[in-house]
Structures are given as structure tokens and as C-alpha cells.
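Novice: Listed below, chain by chain, are the residues.
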Amino acid sequence: KQEVTQIPAALSVPEGENLVLNCSFTDSAIYNLQWFRQDPGKGLTSLLLIQSSQREQTSGRLNASLDKSSGRSTLYIAASQPGDSATYLCAVFSGGSNYKLTFGKGTLLTVNP
Amino acid sequence: GAVVSQHPSWVICKSGTSVKIECRSLDFQATTMFWYRQFPKQSLMLMATSNEGSKATYEQGVEKDKFLINHASLTLSTLTVTSAHPEDSSFYICSGITGGAEAFFGQGTRLTVV
Chain R
663 KQEVTQIPAA LSVPEGENLV LNCSFTDSAI YNLQWFRQDP GKGLTSLLLI
713 QSSQREQTSG RLNASLDKSS GRSTLYIAAS QPGDSATYLC AVFSGGSNYK
763 LTFGKGTLLT VNP
Chain U
2 GAVVSQHPSW VICKSGTSVK IECRSLDFQA TTMFWYRQFP KQSLMLMATS
52 NEGSKATYEQ GVEKDKFLIN HASLTLSTLT VTSAHPEDSS FYICSGITGG
102 AEAFFGQGTR LTVV
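Each protein sequence line maps, in turn, to chains R and U. So the first sequence is numbered by our numbering: it starts at 663 and just counts up by one. So the second sequence is numbered by our numbering: it starts at 2 and just counts up by one.
Treat the hints as calculated values from the structure; they're not laboratory data. Do not take every clue at face value.
To be verified - Each pair of labels, with its calculated beta carbon distance range:
hint, chain 1, residue 1, chain 2, residue 2, range
1, R, Asn680, U, Phe40, 30 to 38 Å
2, R, Leu681, U, Gly17, 45 to 53 Å
3, R, Glu679, U, Cys14, 38 to 46 Å
4, R, Ser690, U, Met46, 22 to 30 Å
5, U, Glu53, R, Ser714, 22 to 30 Å
As the list claims (entries may be wrong) - Taking lysine-lysine pairs in the DSBU-like style, the calculated list, with each CA pair at most 35 Å apart, reads:
hint, chain 1, residue 1, chain 2, residue 2
6, U, Lys65, R, Lys762
7, U, Lys67, U, Lys21
8, U, Lys56, R, Lys730
9, R, Lys663, R, Lys704
10, U, Lys56, R, Lys704
11, R, Lys767, U, Lys65
12, R, Lys767, U, Lys42
For each residue, glycine too, the CB sits at the ideal point set by N, CA and C.
Construct the complete structure from the given sequences, taking the supplied hints into account.
Specialist: Right under this line is the structure:
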């Protein structure tokens, strides 16, 4: 059974700081890994998708890496802004007989002005 | 990115009644949709996998007779909470999966059973 762990559970940083969120998963047989953002009471917004054959993806101030063999991914946020405050969720897409998207518990990020 | 529309965004119903939640993929065809439930300050809990034209696959512990899922077309899946009770109050979110195995989520539905 796939299990996804995110560290830290919560993070508070001053505006402008660079930060790293961590995600680990137990079963390396994945199709892809996605990072999402969730604002309170809202749905999920897809940030980055990394296919299993890729090592990293970048979008603006965000950079996500994937090391499938070790079961790890990181989300790097550069020059953080108060608007980045949200919960960040990591999810892995597993295939075969266990076709599903499994989520970590998320990291609650607060960027202070 | 692709768009998934979920409706309604919130609903209040009386105990014992049924509520239907719709999930539509607006600009792509989703042969697979996932339905999740989220408790306050918790992560998403997968309830079931909805496959177009076939029966949904439910996760262990999820009552299939209580949470009816229909995926009649490539762009629409519905979740019906039957005979709702206060303990069914929660945030329900659907996800459509593109051909490239990328997940896009609806806005979520806040269900309150009184």
C-alpha cells in the first residue's frame, strides 16, 4: 500500500525567504507525482506535475524535483510571498491493480509580511 | 490547465434526505474520476474511483449503498449521498484524470446535514 509523508507539517517564514517542502513515498512504482496547493475551504490547484521519467519541473518561482528510486520529492519556493500562504499537498499516482492518487497530509505554509 | 467544475459548492440538507453532487470535466474527457472526502485540517481520503461506463470501485470502509457514484459519460460523474446523517457532513472533492494521468480537481462541495 502506497504511503505518502510530508515534512514539515507546518512552516512559518518571513516574506522573501526561499523554502523547501519535502515529500516521500513508499512504493516507487509510480506514474507521476503532483504538487497541489489548497486554500482554506477550497479545492486543489495543480502546481507541478513530474512524470516518473523526469527529474524536475519548474514553473515561475516553483521548482519540484523527483528521485523515484529513493521515493522522494521536494518543492522549492523562491522568494516567498504572503500570497503563497496555503496548504501544499504532494500526491503520487500509482498504477496497475492499485490505480489511484495517494496524498500526503500536507504542509501548512504561512508567509509573514 | 484543464478545468473540472463541481456543483454545488455548498449544500445544507435535512437528515434522511439525499444529496447529489456533480463533477464535470469541461475541456477534457475523463475516463476516470476520483471522489475524495476531507475532514477539517485533514488530508484527502479517497472514497471511490469512478470509471466511465462501469461500476465504481470503492475503498475499504466506504459504504457503496450510501455513496452512490454514477459515471454515465466521459465528462460527468455524480456522487449521491443517500439518507444523509450529520456524520456525513464533510467537504467532498472530485478529480478528473486526463489522458496524460494528470489530476485536476473541482472546487469542492461543503455538505452540512442538519
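Novice: Given the hint of 38 to 46 Å, check if R/Glu679 and U/Cys14 actually sit that far apart at their C-beta atoms.
Specialist: Roughly 45 Å apart at Cβ, these two residues keep to the hinted range, so it holds.
Novice: Are the Cα positions of U/Lys67 and U/Lys21 separated by 35 Å at most?
Specialist: holds (12 Å)
Novice: Does the beta carbon distance between R/Asn680 and U/Phe40 stay inside 30 to 38 Å, or does it fall outside?
Specialist: For R/Asn680 and U/Phe40 the Cβ distance comes to about 32 Å; the hint holds.
Novice: Hint says 45 to 53 Å; check whether the CB-CB distance for R/Leu681 and U/Gly17 agrees.
Specialist: holds (48 Å)
Novice: Hey, R/Lys767 versus U/Lys65, does the alpha-carbon distance stay inside 35 Å?
Specialist: holds (25 Å)
Novice: Starting from the range 22 to 30 Å, see whether the pair U/Glu53 and R/Ser714 falls in it by beta-carbon distance.
Specialist: holds (25 Å)
Novice: Within 35 Å, alpha carbon to alpha carbon, are U/Lys56 and R/Lys730?
Specialist: holds (32 Å)
Novice: Are the Cα positions of R/Lys663 and R/Lys704 separated by 35 Å at most?
Specialist: holds (28 Å)
Novice: Does the alpha-carbon distance linking U/Lys65 and R/Lys762 stay inside the 35 Å limit?
Specialist: holds (18 Å)
Novice: Is the hinted pair R/Lys767 and U/Lys42 satisfied, with a Cα-Cα distance of at most 35 Å?
Specialist: holds (9 Å)
Novice: For the pair we were handed, U/Lys56 and R/Lys704, check the Cα-Cα distance against 35 Å.
Specialist: holds (28 Å)
Novice: Take the C-beta atom of R/Ser690 and the C-beta atom of U/Met46, compute their distance, and say whether it sits inside 22 to 30 Å.
Specialist: Since R/Ser690 and U/Met46 have Cβ atoms about 23 Å apart, the given range 22 to 30 Å holds.
Hint compliance for this structure: no hint is broken.
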